Every structure is written in structure tokens, then in C-alpha cells.
Amino acid sequence: DQQVKQNSPSLSVQEGRISILNCDYTNSMFDYFLWYKKYPAEGPTFLISISSIKDKNEDGRFTVFLNKSAKHLSLHIVPSQPGDSAVYFCAAHGGSQGNLIFGKGTKLSVKP
Amino acid sequence: DTEVTQTPKHLVMGMTNKKSLKCEQHMGHRAMYWYKQKAKKPPELMFVYSYEKLSINESVPSRFSPECPNSSLLNLHLHALQPEDSALYLCASSPTPDLRELDYNEQFFGPGTRLTVL
Chain A
1 DQQVKQNSPS LSVQEGRISI LNCDYTNSMF DYFLWYKKYP AEGPTFLISI
51 SSIKDKNEDG RFTVFLNKSA KHLSLHIVPS QPGDSAVYFC AAHGGSQGNL
101 IFGKGTKLSV KP
Chain B
1 DTEVTQTPKH LVMGMTNKKS LKCEQHMGHR AMYWYKQKAK KPPELMFVYS
51 YEKLSINESV PSRFSPECPN SSLLNLHLHA LQPEDSALYL CASSPTPDLR
101 ELDYNEQFFG PGTRLTVL
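Sequences listed follow chains A and B, in order.
The numbering of the first sequence is my numbering, which starts it at 1 and goes up by one.
The numbering of the second sequence is my numbering, which starts it at 1 and goes up by one.
Since the hints were derived computationally from the structure, they do not count as laboratory data.
This structure is a prediction, so every number in the text was calculated from the model and none was measured.
The C-beta atom is built at its ideal place from N, Cα and C for all residues, glycine as well.
The reader is advised that the hints may include incorrect statements.
[Unchecked claim] A short list of chain A residues far from chain B (calculated; beta carbon distances all over 12 Å): (1) R61; (2) A70; (3) K71; (4) H93.
[Said to hold, decoys possible] Cross-link-like lysine-lysine pairs, in silico, DSS-like; alpha carbons within 27 Å at most: (5) B/K38 with A/K5; (6) B/K9 with A/K107; (7) B/K38 with B/K19; (8) A/K71 with B/K40; (9) A/K5 with B/K40; (10) A/K107 with B/K19; (11) A/K111 with B/K41; (12) A/K104 with B/K9; (13) A/K104 with B/K40.
[Claimed, not checked] Each pair of labels, with its calculated beta carbon distance range: (14) B/A80 with A/V78: 28 to 34 Å; (15) A/R61 with B/N17: 30 to 36 Å; (16) A/E15 with B/E3: 28 to 34 Å; (17) B/R30 with A/S109: 34 to 40 Å; (18) A/P112 with B/S62: 20 to 26 Å; (19) A/N7 with B/P69: 23 to 29 Å; (20) B/S62 with A/K68: 37 to 43 Å.
Build out the structure end to end from the sequences listed, making use of the hints.
So, in C-alpha cells, the structure goes:
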């Protein structure tokens, strides 16, 4: 049973437009969420995180929104660039031992 | 030095071989992790070392044996693997195990070792 769900396996966006990647979770004990970006043949690279005490965190072109009541978070990339094309993983952390639970990922393609 | 390094990048081994994967970080991180990632799947946690002690073993078969010789090094010893163990093995580290303790406390991942078991 998936505790972290990314229901869109892929997303295609035009350069300059907004990319919105969604993530849902089922475990209300999760209290810290992270987004990672992964290129083929590389390890995941950390992008941005959000604690459950916040509903928004922004870093440059990347903004993460958290709706605790809906157990939903989203990553907004504005403006999208071709170099953003990668697989994006949502991950949740719910304990003191650092174990992250990853969603299946969404492959983002940004077209010039 | 702000990266996690992993060696080798690629490894091909037979089912009777014994091999080891190595992971190293010099960021002073006190938590280190092994993940396994199959094609088109998310990374799955295998082991967590917290302050050089094994704190989580996610029911991993004993043919995988982790070792943390010191705070900068993490090894994964492999013996009698099966072809279905072929995957990308990722190492990660974080300043502390509890990611909520600090701001900007995330897991940094290495590039992975692509393992093929024949």
C-alpha cells in the first residue's frame, strides 16, 4: 500500500510556463516533506522541503505548497526551463531515524 | 567537500561472487543510508546508520551486509546475490537522522552503483 502517491507518471509543459507536480500521502504522522529531482544515471538531487508547520516554502523558481487537511502537496516551477526536464520524486519523513518514503515519481518534460 | 561518492559506478557479478560497494562523505554527516532502486520505481530504503550504529534494517535479506567502519564510510557487502537483486544502489547521508532537527537538513545522495547479477 503506497503511503506517498504521485498519480501523474508524466507531465509535459512549454518552456516559460508553470509546471505543477502533485503528491498525496496517507499517513498523518508524516511531518516533513522533500522534493528530489533525478536525471538518468545520477542519484536524486534535493530541491526543496517543507515542514508540516508551514503551508508554503519558496526557493527561487521552486515553491512547495502543503495542504495538511487534504494530505496533499505540490511543487510549482515558474518559469519552467528545458533543463528542468527530469523525474521528480516526492518524499515524506515521519520519524526520528531519517527513513524517507518516496513516491513513484513524475517525469517532467519541458519543451522549448 | 559537499558530495557523496560511491564506488564502483558499475559492477557485474556472478551469483557465487563476494563483492562490496563503498560510499564516502566528508561533510561531517552522522546519518548514512543505503537505498535500492529498480528501473521506473522509487528508491527503497534498505539500511540506516545513525551515529555509526545500525538503526534501521528494512527486512533486507542477509546476503546484503552493511558496515560502517567510521563516520565517513559506509560499505555494503554482497554475497550469493540473485539476478533479481540487479538494481541501482544509492547511498545517502544527512547531518542528523532526524530531518526535522535542523533547517536545510536533507539527505544528500551519491550517484549510485549500477549492479548486475548474472
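**Q.** Nearest-CB test (12 Å) between chain B and A/K71
**A.** holds, 18 Å
(Q) Is 37 to 43 Å respected by the C-beta to C-beta distance linking B/S62 and A/K68? (A) Roughly 40 Å apart at Cβ, these two residues keep to the hinted range, so it holds.
Q: Could you see if the CB distance from B/R30 to A/S109 stays within 34 to 40 Å?
A: Cβ of B/R30 to Cβ of A/S109: about 38 Å, so the range 34 to 40 Å holds.
Q: With a cut-off of 27 Å on the C-alpha distance, tell me whether A/K5 and B/K40 pass.
A: Distance of about 14 Å is within 27 Å: holds.
(Q) Quick check on a hinted range of 30 to 36 Å for A/R61 and B/N17, using CB atoms only. (A) violated, 46 Å
(Q) Within 23 to 29 Å: is that where the Cβ-Cβ distance between A/N7 and B/P69 falls? (A) Since the Cβ atoms of A/N7 and B/P69 sit about 42 Å apart, the hinted range of 23 to 29 Å is violated.
Q. Against chain B, does A/H93 keep a CB gap of more than 12 Å to every residue?
A. At about 5 Å from chain B, A/H93 fails to clear the 12 Å cut-off, so the statement is violated.
Q: Measure nothing beyond the straight line between the CA atoms of A/K107 and B/K19; if it is 27 Å or shorter, mark the hint as holding.
A: violated, 33 Å
Q) Is A/K104 within 27 Å of B/K40, Cα to Cα? A) holds, 8 Å
Q | Satisfaction of hint between B/K41 and A/K111, Cα-Cα up to 27 Å | A | holds, 24 Å
Q: Would you check the hint for B/K38 and A/K5, treating anything up to 27 Å between C-alpha atoms as holding?
A: holds, 17 Å
Q.
Confirm or reject: A/R61 is not an interface residue toward chain B, with every Cβ-Cβ distance exceeding 12 Å.
A. At about 18 Å from chain B, A/R61 clears the 12 Å cut-off, so the statement holds.
When the structure is compared with the earlier hints, violations turn up for hints 4, 10, 14, 15, 18, 19 and for no others.
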